[in-house]
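Undergrad: Sequence:
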Amino acid sequence: MLVDCHIHMVLDGANWRTAIVRHAQTVDEGWIRQTLAHYQKLGFAYLRDGGDRWGVGKRARELAGEYGITYRTPLSPLCKAGHYGGFIGEKYGNLRDYADLVVRNRENGANYIKIMISGLMDFDHFGVLTEDGMEPAEIRELIHIAHEEGLPVMAHANGARTVEAAAEAGVDSIEHGAYLDADALHAMAENGTVWVPTLSTIGNLRGRGRFDESAVERILESAVENVSLFAGMGGLLAPGTDAGAWSVPHGSLTEYELLKAALGAETQKALDRGIQAIRQKF
1 MLVDCHIHMV LDGANWRTAI VRHAQTVDEG WIRQTLAHYQ KLGFAYLRDG GDRWGVGKRA
61 RELAGEYGIT YRTPLSPLCK AGHYGGFIGE KYGNLRDYAD LVVRNRENGA NYIKIMISGL
121 MDFDHFGVLT EDGMEPAEIR ELIHIAHEEG LPVMAHANGA RTVEAAAEAG VDSIEHGAYL
181 DADALHAMAE NGTVWVPTLS TIGNLRGRGR FDESAVERIL ESAVENVSLF AGMGGLLAPG
241 TDAGAWSVPH GSLTEYELLK AALGAETQKA LDRGIQAIRQ KF
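All residue numbers for the sequence shown refer to my numbering, where the first residue is 1 and numbers rise by one.
If you're looking for bench data, these hints aren't it; they were derived computationally from the structure.
We put the beta carbon where it would ideally sit given N, CA and C, even for glycine.
Keep in mind that a hint or two might mislead.
[Claimed, not checked] Derived pair list, reagent style DSS-like, types lysine-lysine, alpha-carbon separation capped at 30 Å:
#, residue 1, residue 2
1, K269, K41
2, K91, K260
3, K91, K269
4, K281, K260
5, K41, K260
6, K281, K269
[Stated by the list, open to error] Here are the computed distance ranges between Cβ atoms for each label pair:
#, residue 1, residue 2, range
7, D100, E217, 41 to 49 Å
8, N108, G209, 20 to 28 Å
9, Q40, A261, 21 to 29 Å
10, Q276, Q34, 26 to 34 Å
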């Protein structure tokens with residue numbers, strides 16, 4: 001059984017702007033059915049969406065059972081106004097606004113809340129993020145509010161201090177997690193945080209000519225090393241491609257290949273624990 005614990009049904013792996021236009025007026029059910037059929041043919045049985053504000057993931061969840069797939073979605077990801085995520089998620093101005101969105105998403109059937117608490121990797125420069133992470137106190141409040149509503153939390157997070165703060169606040173999963181150190185890895189392991197490292201978003205860039213190749217290689221090497229270290233700590237890892245991101249097509253199997261390179265003979269054993277935790281939490 002294959003699983004992908006981080007996809008974006010709204011995106012297509014080629015051009016995020018044109019992909020969103022496809023659904024901007026009316027959700028393109030034909031696209032969703034075609035994509036779900038592709039996952040079914042490959043043997044995927046579980047998909048966890050990163051969310052969108054047009055209802056694409058929600059409609060995919062409604063249809064997924066016809067394809068023998070369990071599908072989970074946060075509905076829309078929630079991002080602070082003026083910070084990363086506004087292209088795909090819903091913006092909030094303050095914690096009161098955020099709490100209102102959490103309640104609304106819960107009432108509308110969200111399986112969990114997704115928060116955006118850092119920027120992205122700058123793939124041309126090793127060690128650089130497009131935006132620093134939120135302050136720990138604010139991260140704690142975001143997670144606490146969602147948990148109070150009975151919803152687990154999926155966090156888009158990069159950078160050691162951001163991930164450490166989220167793990168210590170009880171976040172249920174960390175997505176991406178670039179540039180972690182021993183303290184951040186230990187915090188995730190000790191708090192039972194599931195890490196979905198989305199190595200495909202880095203590995204699939206190799207040889208494409210879009211970004212500095214040496215920087216991409218260093219970023220990937222760093223991520224693979226941290227995955228190996230985290231597994232050695234007994235940490236929970238789960239496969240997620242970020243399917244729909246540039247150069248990451250739906251149904252990509254590269255995540256399993258990259259995780260195997262990091263984990264070796266213990267790959268399936270390590271992933272089984274993480275997948276079980278994801279399915280229990282989300």
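Undergrad: State for each hint whether it applies.
TA: Evaluated hints:
no.: 1; hint: K269 <-> K41; in the structure: holds, 24 Å
no.: 2; hint: K91 <-> K260; in the structure: violated, 37 Å
no.: 3; hint: K91 <-> K269; in the structure: violated, 39 Å
no.: 4; hint: K281 <-> K260; in the structure: holds, 24 Å
no.: 5; hint: K41 <-> K260; in the structure: holds, 22 Å
no.: 6; hint: K281 <-> K269; in the structure: holds, 19 Å
no.: 7; hint: D100 <-> E217: 41 to 49 Å; in the structure: holds, 44 Å
no.: 8; hint: N108 <-> G209: 20 to 28 Å; in the structure: violated, 42 Å
no.: 9; hint: Q40 <-> A261: 21 to 29 Å; in the structure: holds, 27 Å
no.: 10; hint: Q276 <-> Q34: 26 to 34 Å; in the structure: holds, 30 Å
Figure legend: structure checked against the earlier numbered hints; hints not met, in rising order: 2, 3 and 8.
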